[in-house]
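2 protein chains.
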Amino acid sequence: MSKGVTPQSKDYSKWYTDVVQKAELADYSPVKGCMVIRPYGYALWENIRNTLDAMFKATGHVNAYFPMLIPESFLKREAEHVEGFAPELAVVTHGGGKLLEEPLVIRPTSETIIWSMYKKWINSYRDLPLLINQWANVVRWEMRTRLFLRTTEFLWQEGHTAHASEKEAREEAYKMIDVYREFAESYMAMPVIVGKKTENEKFAGAVETYSIEAMMGDMRALQSGTSHYLGQNFAKAFDVTFQNENNELEYVYASSWGVSTRLVGALIMSHGDDKGLILPPHLAPYQVVIVPIYRDAAGRSAVMSFVNQISESLAKSAVRYHVDLRDTVSPGFKFNDWEMKGVPLRLEVGPRDVETGNVVLARRDNGEKKSLSKDSFLSTVTALLESIQKEMFQKRKSFREQNTIDIRDYEALKEVIGKGGFARAYWDGSGDDEKQIQEETKASIRCIPFEQDGTEGECFYTGRKTKKRVILAKAY
Amino acid sequence: MSKGVTPQSKDYSKWYTDVVQKAELADYSPVKGCMVIRPYGYALWENIRNTLDAMFKATGHVNAYFPMLIPESFLKREAEHVEGFAPELAVVTHGGGKLLEEPLVIRPTSETIIWSMYKKWINSYRDLPLLINQWANVVRWEMRTRLFLRTTEFLWQEGHTAHASEKEAREEAYKMIDVYREFAESYMAMPVIVGKKTENEKFAGAVETYSIEAMMGDMRALQSGTSHYLGQNFAKAFDVTFQNENNELEYVYASSWGVSTRLVGALIMSHGDDKGLILPPHLAPYQVVIVPIYRDAAGRSAVMSFVNQISESLAKSAVRYHVDLRDTVSPGFKFNDWEMKGVPLRLEVGPRDVETGNVVLARRDNGEKKSLSKDSFLSTVTALLESIQKEMFQKRKSFREQNTIDIRDYEALKEVIGKGGFARAYWDGSGDDEKQIQEETKASIRCIPFEQDGTEGECFYTGRKTKKRVILAKAY
Numbered sequence: 002m003s004k005g006v007t008p009q010s011k012d013y014s015k016w017y018t019d020v021v022q023k024a025e026l027a028d029y030s031p032v033k034g035c036m037v038i039r040p041y042g043y044a045l046w047e048n049i050r051n052t053l054d055a056m057f058k059a060t061g062h063v064n065a066y067f068p069m070l071i072p073e074s075f076l077k078r079e080a081e082h083v084e085g086f087a088p089e090l091a092v093v094t095h096g097g098g099k100l101l102e103e104p105l106v107i108r109p110t111s112e113t114i115i116w117s118m119y120k121k122w123i124n125s126y127r128d129l130p131l132l133i134n135q136w137a138n139v140v141r142w143e144m145r146t147r148l149f150l151r152t153t154e155f156l157w158q159e160g161h162t163a164h165a166s167e168k169e170a171r172e173e174a175y176k177m178i179d180v181y182r183e184f185a186e187s188y189m190a191m192p193v194i195v196g197k198k199t200e201n202e203k204f205a206g207a208v209e210t211y212s213i214e215a216m217m218g219d220m221r222a223l224q225s226g227t228s229h230y231l232g233q234n235f236a237k238a239f240d241v242t243f244q245n246e247n248n249e250l251e252y253v254y255a256s257s258w259g260v261s262t263r264l265v266g267a268l269i270m271s272h273g274d275d276k277g278l279i280l281p282p283h284l285a286p287y288q289v290v291i292v293p294i295y296r297d298a299a300g301r302s303a304v305m306s307f308v309n310q311i312s313e314s315l316a317k318s319a320v321r322y323h324v325d326l327r328d329t330v331s332p333g334f335k336f337n338d339w340e341m342k343g344v345p346l347r348l349e350v351g352p353r354d355v356e357t358g359n360v361v362l363a364r365r366d367n368g369e370k371k372s373l374s375k376d377s378f379l380s381t382v383t384a385l386l387e388s389i390q391k392e393m394f395q396k397r398k399s400f401r402e403q404n405t406i407d408i409r410d411y412e413a414l415k416e417v418i419g420k421g422g423f424a425r426a427y428w429d430g431s432g433d434d435e436k437q438i439q440e441e442t443k444a445s446i447r448c449i450p451f452e453q454d455g456t457e458g459e460c461f462y463t464g465r466k467t468k469k470r471v472i473l474a475k476a477y
Numbered sequence: 002m003s004k005g006v007t008p009q010s011k012d013y014s015k016w017y018t019d020v021v022q023k024a025e026l027a028d029y030s031p032v033k034g035c036m037v038i039r040p041y042g043y044a045l046w047e048n049i050r051n052t053l054d055a056m057f058k059a060t061g062h063v064n065a066y067f068p069m070l071i072p073e074s075f076l077k078r079e080a081e082h083v084e085g086f087a088p089e090l091a092v093v094t095h096g097g098g099k100l101l102e103e104p105l106v107i108r109p110t111s112e113t114i115i116w117s118m119y120k121k122w123i124n125s126y127r128d129l130p131l132l133i134n135q136w137a138n139v140v141r142w143e144m145r146t147r148l149f150l151r152t153t154e155f156l157w158q159e160g161h162t163a164h165a166s167e168k169e170a171r172e173e174a175y176k177m178i179d180v181y182r183e184f185a186e187s188y189m190a191m192p193v194i195v196g197k198k199t200e201n202e203k204f205a206g207a208v209e210t211y212s213i214e215a216m217m218g219d220m221r222a223l224q225s226g227t228s229h230y231l232g233q234n235f236a237k238a239f240d241v242t243f244q245n246e247n248n249e250l251e252y253v254y255a256s257s258w259g260v261s262t263r264l265v266g267a268l269i270m271s272h273g274d275d276k277g278l279i280l281p282p283h284l285a286p287y288q289v290v291i292v293p294i295y296r297d298a299a300g301r302s303a304v305m306s307f308v309n310q311i312s313e314s315l316a317k318s319a320v321r322y323h324v325d326l327r328d329t330v331s332p333g334f335k336f337n338d339w340e341m342k343g344v345p346l347r348l349e350v351g352p353r354d355v356e357t358g359n360v361v362l363a364r365r366d367n368g369e370k371k372s373l374s375k376d377s378f379l380s381t382v383t384a385l386l387e388s389i390q391k392e393m394f395q396k397r398k399s400f401r402e403q404n405t406i407d408i409r410d411y412e413a414l415k416e417v418i419g420k421g422g423f424a425r426a427y428w429d430g431s432g433d434d435e436k437q438i439q440e441e442t443k444a445s446i447r448c449i450p451f452e453q454d455g456t457e458g459e460c461f462y463t464g465r466k467t468k469k470r471v472i473l474a475k476a477y
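These protein sequence lines are chains G and Z, in that order. In this text, residue positions in the first sequence follow the working numbering: the first is 2, and each later residue adds one. In this text, residue positions in the second sequence follow the working numbering: the first is 2, and each later residue adds one.
To be clear, the hints were calculated from the coordinates, so they are not data collected in a lab. Among the clues, some could well be false.
Any copy will do: because identical chains look the same in the list, a pair fits if it lies in one copy or spans two.
Listed next, the in silico SDA-like pairs over lysine to any residue satisfying Cα-Cα at most 25 Å (straight line) [to be verified]:
1) Lys469 with Arg182
2) Lys121 with Gly351
3) Lys121 with Glu25
4) Lys99 with Arg151
My request is simple: use the sequences and hints to build the entire structure.
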């Protein structure tokens, strides 16, 4: 289990799948493109889910659950939507031993089934806004899959909101991409660039798509969350109107937004190293692991009574800890195992430590190891976890800044993309230009960042003057 | 929204669907047999889920997630399992625009996909026990569906455990049916009979099935949770062996256990009345609803400052409360609405109450209404909620006891079943006898209760002497 992983420098992609499997986050299943999320990986997802869920509720949203099976005809009602999703559908043709009159698709996303219900529930501006989120599984038939990053079935949340005005729906879409930014930065310790997608890259059926984009350890970009202003597109497709305050009938305005189990992949590739995972304290299933070390029963008894004092105190401080009591493996094996699993702090407690009242503390993020008194450990552990959280974020932020290069021409883009990194550039090209660049360099425009400095420059591709700067990178 | 529901006495079944819809728990969807769980119903399910999840974790279980799509051939590996589930399968034949080489079924339950993974993970007794639970959606193609009670897609949890001995696996199955009993009684305020299913009624693929059975308001039984000892059936079907402590290769022993969104139906039919839902305080999304009453801005200001004091204090006591600030509906409408939604306590606060420092408190379960001082309300509210919880349980227990009749012959059974209730009887009949009785009376043997008094009597159907007593009833 704790054998080493392929070094990042040798094969980043192999390193990634090694870590996923050796840290027991997920496993391949017998079903093509579908993975099994193992208990340790699921515990991580639970922390992600519970944190986000609280943030959604704090911003006024409620949860609900809509059917997973959607009549095929529903998808077709929104022209761009079906064009985007038709190639990825899984189709149920038989139920209860009989051929169905109309095939049902497994939801690739739930706009259509949800807006068919909103038609029942919305009559007047008094029924608005509707701020509903759903935690669910979805299926998109993917050709090339990769554990957590792109799987045929995945877990996600999808918010679907209905509003009485364009302004309010747009504000909602902005608010939620900012909730994702806040979550990525404060919990995942992952700096992100927030911006708008180009027309080529937006969600099928959206007016505008916003995303958060993060830089992974191999300097590729990972789109980690999206929020869409859908305008009246789905309201028109499902004929959802409301009586506005002036007694006029108007189509409802919409947003939708989602993040998925892909975030687990983002965590792995943001922080991991050749020893395995490095988890940010705010999301780690265990923040502290304690490895008791002893040779005999007398040693065990002394060590365990010391360890119990520590764990009681950790429990009181609401620190998530685990005492590794396995007697079938050696302490050294345990050290490697918990390093692979990315636990922020490891405590080693042996008979000599008990005598001196000390513990040996090892930090996963920077490898520091030191001996300190039990009491001083206990009085500083919460602050230490907070400071690790912040340092991890700063480290990723510096990494991204160091590897984000301003470019002025196409050759410079090719150079940046060739050696890895984000390219920042003035951009005034067309959708076709964008496709051309992607074909030639494998890089795409990740987003048009919300934060623009307002300066004017020449588009690196067309040479036209523009104030718009974009981020280009190879992406997962 | 708050128009009355059909009285129970007129049409219990219509009463049920009226309550589900008018309390906004769920709605019919455009997909045959599938429902939409609305925010209020989902909040109830979240409380059920979170409570059970904590109980599972406290008993050593961890969560994971397995693929929803299962190769059709997997189901066929366990003969009884496929016989039981084949008629209910939804089948995916196309993915990504192509006909699949092998059809995939949507999980009706996950034994097969999970045991195919356990084969990968289990080698030695050191890998055991595996105590894994999954929260998921499942699909069973049902002919007659009913909101919450029987829907084509439903949400549930399914525990799947692997053990090194029969004894341990049987103990796990017993332990988990007891966790369900504890949950039903202490959280749902719903007394249950715990027992073993007959051979006719057991899970397809199990050696033994245990269930909890509750009496609904119309005196029918509702099977509310099941736990199965699966023996080595699935280990043999998926060739899952382990090296035991004697270095011998042995098939692994298994249990599985589950409850579903059906529990929401059980809550409704256990406690509801002609005014709507009555929710037990331990699971109610809101335990207290506050309706401020005022005529003008001055009144509003005084009332709201008083209400804010109350809500701050409730928040400190971790009471789940809601202040109904809607200005589009009258206080009377709000009273009916929250009665329909089953909130245990309603607080009315008007300008005169503020002057006297009083509140008007109405209990949903027994309709009591009284005026008391704010401080006395706040100091007793937690205790009051606990006592409501207990009284609700006692009321249902008395109801069940009053309507459980000992019968000695078949005529007496017909009489009990005809007027409604549980029949308790000595039983020594065959599976065919059981089928015959069910055809003639619509009643089935709900379970062979674990609690038996050891007395001997004559089987009501065969006349043979036996010490085994069973519970018979019409069931949902």
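Checked hints:
Within a single copy, Lys469 and Arg182 get their C-alpha atoms as close as 22 Å, which meets the 25 Å cut-off; across copies the closest is 63 Å, which misses it. Within a single copy, Lys121 and Gly351 get their C-alpha atoms no closer than 66 Å, and across copies no closer than 35 Å, so neither meets the 25 Å cut-off. Taking the closest pair of Cα atoms, Lys121 and Glu25 come within 25 Å of each other only across two copies (13 Å); inside a single copy the shortest separation is 45 Å, beyond that limit. In this assembly of identical chains, the alpha carbons of Lys99 and Arg151 lie at most 25 Å apart only when taken from different copies (19 Å versus 32 Å within one copy).
In this structure, only the earlier hint numbered 2 is contradicted, and the remaining ones agree with it.
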